[in-house]
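If you read the sequences in order, they're chains A and B. If you count the first sequence from 1, position 78 lands on 78 in the working numbering, and the numbers rise without skipping. Take the position in the second sequence, starting the count at 1, then add 1000; the result is the number in the working numbering.
What the hints contain is simulated information worked out from the structure, not anything from laboratory work. Since the structure is predicted, the reported quantities are computational estimates derived from the model, not experimental observations. Among the hints, a few may not be true.
Below, in silico cross-link-like pairs of lysine-lysine (DSS-like), each with a Cα-Cα straight-line distance of 25 Å or less [claimed, not checked]:
| hint | chain 1 | residue 1 | chain 2 | residue 2 |
| --- | --- | --- | --- | --- |
| 1 | A | LYS113 | B | LYS1013 |
| 2 | B | LYS1076 | A | LYS74 |
| 3 | A | LYS110 | A | LYS139 |
| 4 | A | LYS130 | B | LYS1076 |
| 5 | B | LYS1164 | A | LYS132 |
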Amino acid sequence: MIEIRNLTVQYKNGVKGLDNVNLTISNGIYGLLGENGAGKSTLMNVLTTLLTPTRGTVIVNSVNVIPQNYTKVKKMIGYLPQELGMYPNLTVRETLEYVAALSGVNPIKKKEKIEYLLERTSLKEHEKKKNKQLSGGMKRRVGLAQALITDPQLLIVDEPTTGLDPEERIRIRNLLVDFGRDRSVLFSSHVVEDLASTCNDLCILKKGKKIYDGTIQHLICEADNHVFSCMLSSEEEFLRVQERYKITGKNYSNEGIDIRLVSRSVPDVAGIEFQYVKPTLEDAYIYKSSSEKFEEI
Amino acid sequence: MKCNFKISLPLYKLLYSMVFMFVMALIRPTVTPIEILTVIEPNLCFLAIVFVADIYYCEFRENRINVFYLFPDRLKYKAVVQRFLIDFVYLVLLDLIFYWIYILFQNSNLFTKEIISIYGYSILMCFMTVLFFASLSVTMVNFFQNMWFGLVISLAVWFVFNTKVKEYLPTVLNIFAYKITPEINGGITPYFFNRALYMVVGIVMLIMNYLLVKRSPMRKVKEGKK
């Protein structure tokens, strides 16, 4: 369980990476959603002790994340960063052996643990391949296996599915669900679909501030009655709508341009008829993260 | 150990180090065995600076540092020292081999008493001076967490000892110093005391790397140097 209270990270140039964030993360997969620069990586860097916060407290499984406890905290964490380079000349098995040795895994349990992870990540048949010969998806699976080698209580994964083909993405998501049964997993992504199929709870960050924290279902409910669709006959009409509303989907068809948008109230554009549609998580995310813009419009 | 071997001695490093030493032997011919010392030692130290610089920095360059940072400090440091020692032993081996290549280029009689005794000097000298320059390079790169800063500073130190500037230094501070001995070794004999002194400095710097390896790689970001 992770408790985050009034967490602020301010850089010397005055930019706030995180601004007074409060969160409680329990066991299972917890999603972290937000645009680039929202503060997701900053939060993960604080949890992995890479960054020391300016203000606030972070408690991971009853251990306060302060410099005196960093050694203890680091032992509890498994981390898969967005871009993790692999030792190009080591094989998959050697990589896991090396990471296990560097993590201080008991040599007797090491072999058993590596066998288990190779099986679970379907890397057994590739164990003798050098890292430089692996595909992007395989590398990501090796990354996940190395993050789990110490059996961490908290697993932090940063956009693990970026750049992968659909099959690999599903595989990685399923692995996270399996590994998240008996530990906390912090899953950062801007692929909404990945979070929708793995998490129950999520947090949305925007410009360092938390704008939502709760269940996916509740977020979707909030967007209910705020998502609309319509069929447009020309680009001019589309531009008129786009000027005033946040478009979440656009599709050209024989009948015209089929669009989807979010709006606080029923859109009002002369000559265009809008219909309510059931929101997806993506619509709900766009609705939530654009809420303050509605006031301006 | 096996993994550290593969990490710190990749094929490209083996190739460029041998090519470097071979080219140096070709473009700077020597006449007497003692002259080999004055050539091979600075060359090997120059090579050591470049060769050993990235044994820890490779974690930054290849995007592994955020994961490497999570390992226990003692084990991280142990891995870095192992990598250092592997590269260091390899460089001393280069000295062992290339001394004979210089001798072959000289067409000297092999295994004379003088050649063997100077060979002993060569091993001892390179052991001490290579250790210093390799350690300096690693320490500077790790201190600045920047390959180029570390290399430039280490190479600047090397240049000081290989230009006229060294003449302004007291003999004890000149790492490549020799004393005149007209009766033996063809006229000059290396000073070992100053080399040993620098070796001790090198060992101290290597120990200090424990603190450098322990630091957060994001230290600069927090300080606003993002």
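Q. Checked against the structure, which of the hints given earlier come out wrong?
A. Going through the list in order, the structure violates hints 1 and 5 and respects the others.
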